[in-house]
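Student: Each chain is listed here by its residues.
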Amino acid sequence: MSTTKQNTEKISLIAWTLMLASANKQLDMPGEYLWNIPDANTFKEVRDKSRSVYSSGNSIKDNTVTDFIQNVNFNKFMQDPHISAKFEDYFPMWIKQCLRYNLKGIDEFKYVCYAQGSQEYFLNYYFANKDKRFRIFKGEYWWHMEVWQSMNIQWAYIEDDDIQTNDVVLCSFPFALTGKKHVGFDSMIAQCNKLGVEVMVDFIYLPNCTQDIVYIDLDHECIKGLSFSFSKTFPVQNAKVAVRMTRNRLNDPMQISNDENVANRLGCGLGLEIMQNFDVDYMVKKYHKEQMHWCNVLGLHATDVVHFAVGEPYTQYGRSENMNWFSEYNEQYNRYNLGPLFENKALLSTLKLYN
Amino acid sequence: MSTIKLKFKNINSVNNKAPQMAVHVNSKELYKGLVLEQHVIDVDLQEQNILKIYFINKEDPDTVIQDGKIVNDLNFELENITLDKHDIQDLIWKGQYVSKDNVIPSCLFFGPRGYFELHFEYPILKWILKTNHEDHNDDPTWEQDYNYYIEACQLLNKIQKK
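Line order of the protein sequences matches chains A and B. Quick note: this note's numbering has the first sequence finishing at residue 355, numbered continuously throughout. Quick note: this note's numbering has the second sequence finishing at residue 1162, numbered continuously throughout.
A hint or two may mislead.
[What the hints assert, rightly or not] Sample of chain B residues with no beta-carbon within 12 Å of chain A, all distances over it, derived: (1) Glu1029; (2) Lys1032; (3) Gly1068; (4) Asn1072; (5) Glu1077; (6) Asn1080; (7) Leu1125; (8) Ile1128; (9) Leu1129; (10) Pro1140; (11) Tyr1149; (12) Ala1152.
[To be verified] Only pairs whose alpha carbons sit at most 30 Å apart, straight line, appear in this in silico DSBU-like list of lysine-lysine: (13) B:Lys1032 - A:Lys44; (14) B:Lys1028 - A:Lys10; (15) B:Lys1130 - B:Lys1094; (16) A:Lys96 - A:Lys86; (17) A:Lys10 - B:Lys1085; (18) A:Lys285 - A:Lys104; (19) A:Lys44 - A:Lys180; (20) B:Lys1069 - A:Lys345; (21) A:Lys10 - B:Lys1130; (22) A:Lys10 - B:Lys1005; (23) B:Lys1069 - A:Lys25; (24) B:Lys1009 - A:Lys10; (25) B:Lys1158 - A:Lys289; (26) B:Lys1158 - B:Lys1052; (27) B:Lys1069 - B:Lys1017; (28) B:Lys1069 - B:Lys1009; (29) B:Lys1126 - B:Lys1100; (30) B:Lys1028 - A:Lys345; (31) B:Lys1028 - A:Lys25; (32) A:Lys44 - B:Lys1069; (33) A:Lys25 - B:Lys1009; (34) B:Lys1017 - B:Lys1028; (35) A:Lys10 - B:Lys1126; (36) A:Lys352 - B:Lys1028; (37) A:Lys44 - A:Lys132; (38) B:Lys1017 - A:Lys44; (39) A:Lys25 - A:Lys224; (40) A:Lys44 - B:Lys1158.
Think of the hints as simulated: they come from the structure by calculation, not from any bench. Even glycine gets a Cβ: it sits at the ideal position worked out from N, Cα and C.
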């Protein structure tokens, strides 16, 4: 863990500079979401967007990958009725190729299904468990709570009540807010095993894990489903490429669509191309040193996820004031997404902000 | 060199006589002539500045009254001021209209002969942020954020010039 004092002034100056550069079209790698692209070079626009430069969990927009995607022939996927099956066959092999992963028991998750983003899996999970109460740790992906609230679905934070027999649990691994395994993960699993409560593990940030050994015991009977997404690892987040792996074959809307052969072939094809050309931990290999560099320069603490660091908020806006971004459940007060720093290394070097 | 952009509306003539104005900044005349919908004027600004817009050709006969009501009048309204690309928005109401011995605060209407007067500071953006915060007490980080913005501008300007 870094012992350097946090350089909040530099963090802030970089945020302002990146957003101003975005308005001036000077970024090495432009943003992809309206909430971090200033409409114009005005103080107000740049200020508003500078407050969310390090927010979100989005992937690193690595230029090698973005250039590769530019040259992918998507038309051929449309003509390939086997593309989703190819994608589903390839995924487990690809994920197991990483020698640092010890996903004990993953072979028991034999049923692989393309998902149009993790959100499609989540929605199917909600639907399948609509009469149960969903449980989640505080700081989990806000989208769950936002959907549950708007759909009048029962839910409660794990911290607020014991797990009961009518509950189902979702948990990201590593945990979305901190980039590390949640401190309550093991006890939650033990409790779910004891009560026969089903757990879905969301591996959204797994490919960006930096540990020498990424270990998780999936033999626990309570863990019924695994969610993987490409969206936080590769810059394909708007293509909705994700995978569900389950112990048992499900027959829910997502599976029925895949069985009908109407899965999104563009998403499947893109995912397959990515897998065939990049290692699952490509970003870790390329950016782990950069993560350490920036944590040292800015006085932040590296997490186990290569594009995340944690530290004190550099602005109170969206943290302790005007909370929270987009959703009242979107908590990310002290998490920093370092992706914009990695992506704009050339610009930041030129401006002498890199060191 | 800075620029002042003035926008006017409801420019009313009387008997083929159109309103005319003189624009002064810090007592220096920068424009004299007809009031058009928009004027863009170059100016050298100082730390403290006074903009004055004189209504120079209004005479008593330019107000036509019938049965006790004004039926025709030579007048115009100031709509908007942009200083160095910064629309000062509500701060335009900081101005006042001075006519003979009358001072009408927050008046953008040029009816009687007189002048509109606005005091402002340079840099413009800093003045806007500071004044808005003084008025509403809702932007405590304005100065810190202003400094970041200016520093970022200076950094990026360097590479633009290369």
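Student: Compare the structure with each hint and give your call.
Tutor: Hint by hint, here is what the structure shows:
{"no.": "1", "hint": "Glu1029", "result": "holds (31 Å)"}
{"no.": "2", "hint": "Lys1032", "result": "holds (32 Å)"}
{"no.": "3", "hint": "Gly1068", "result": "holds (48 Å)"}
{"no.": "4", "hint": "Asn1072", "result": "holds (41 Å)"}
{"no.": "5", "hint": "Glu1077", "result": "holds (26 Å)"}
{"no.": "6", "hint": "Asn1080", "result": "holds (16 Å)"}
{"no.": "7", "hint": "Leu1125", "result": "violated (6 Å)"}
{"no.": "8", "hint": "Ile1128", "result": "violated (8 Å)"}
{"no.": "9", "hint": "Leu1129", "result": "violated (8 Å)"}
{"no.": "10", "hint": "Pro1140", "result": "violated (10 Å)"}
{"no.": "11", "hint": "Tyr1149", "result": "violated (5 Å)"}
{"no.": "12", "hint": "Ala1152", "result": "violated (4 Å)"}
{"no.": "13", "hint": "B:Lys1032 - A:Lys44", "result": "violated (34 Å)"}
{"no.": "14", "hint": "B:Lys1028 - A:Lys10", "result": "violated (43 Å)"}
{"no.": "15", "hint": "B:Lys1130 - B:Lys1094", "result": "holds (13 Å)"}
{"no.": "16", "hint": "A:Lys96 - A:Lys86", "result": "holds (16 Å)"}
{"no.": "17", "hint": "A:Lys10 - B:Lys1085", "result": "holds (28 Å)"}
{"no.": "18", "hint": "A:Lys285 - A:Lys104", "result": "holds (23 Å)"}
{"no.": "19", "hint": "A:Lys44 - A:Lys180", "result": "violated (35 Å)"}
{"no.": "20", "hint": "B:Lys1069 - A:Lys345", "result": "violated (70 Å)"}
{"no.": "21", "hint": "A:Lys10 - B:Lys1130", "result": "holds (24 Å)"}
{"no.": "22", "hint": "A:Lys10 - B:Lys1005", "result": "violated (36 Å)"}
{"no.": "23", "hint": "B:Lys1069 - A:Lys25", "result": "violated (57 Å)"}
{"no.": "24", "hint": "B:Lys1009 - A:Lys10", "result": "violated (46 Å)"}
{"no.": "25", "hint": "B:Lys1158 - A:Lys289", "result": "holds (29 Å)"}
{"no.": "26", "hint": "B:Lys1158 - B:Lys1052", "result": "violated (36 Å)"}
{"no.": "27", "hint": "B:Lys1069 - B:Lys1017", "result": "holds (20 Å)"}
{"no.": "28", "hint": "B:Lys1069 - B:Lys1009", "result": "holds (22 Å)"}
{"no.": "29", "hint": "B:Lys1126 - B:Lys1100", "result": "violated (33 Å)"}
{"no.": "30", "hint": "B:Lys1028 - A:Lys345", "result": "violated (49 Å)"}
{"no.": "31", "hint": "B:Lys1028 - A:Lys25", "result": "violated (39 Å)"}
{"no.": "32", "hint": "A:Lys44 - B:Lys1069", "result": "violated (46 Å)"}
{"no.": "33", "hint": "A:Lys25 - B:Lys1009", "result": "violated (36 Å)"}
{"no.": "34", "hint": "B:Lys1017 - B:Lys1028", "result": "holds (26 Å)"}
{"no.": "35", "hint": "A:Lys10 - B:Lys1126", "result": "holds (21 Å)"}
{"no.": "36", "hint": "A:Lys352 - B:Lys1028", "result": "violated (43 Å)"}
{"no.": "37", "hint": "A:Lys44 - A:Lys132", "result": "violated (45 Å)"}
{"no.": "38", "hint": "B:Lys1017 - A:Lys44", "result": "violated (42 Å)"}
{"no.": "39", "hint": "A:Lys25 - A:Lys224", "result": "violated (46 Å)"}
{"no.": "40", "hint": "A:Lys44 - B:Lys1158", "result": "holds (22 Å)"}
Going through the hint list in order, the structure does not satisfy hints 7, 8, 9, 10, 11, 12, 13, 14, 19, 20, 22, 23, 24, 26, 29, 30, 31, 32, 33, 36, 37, 38, 39.
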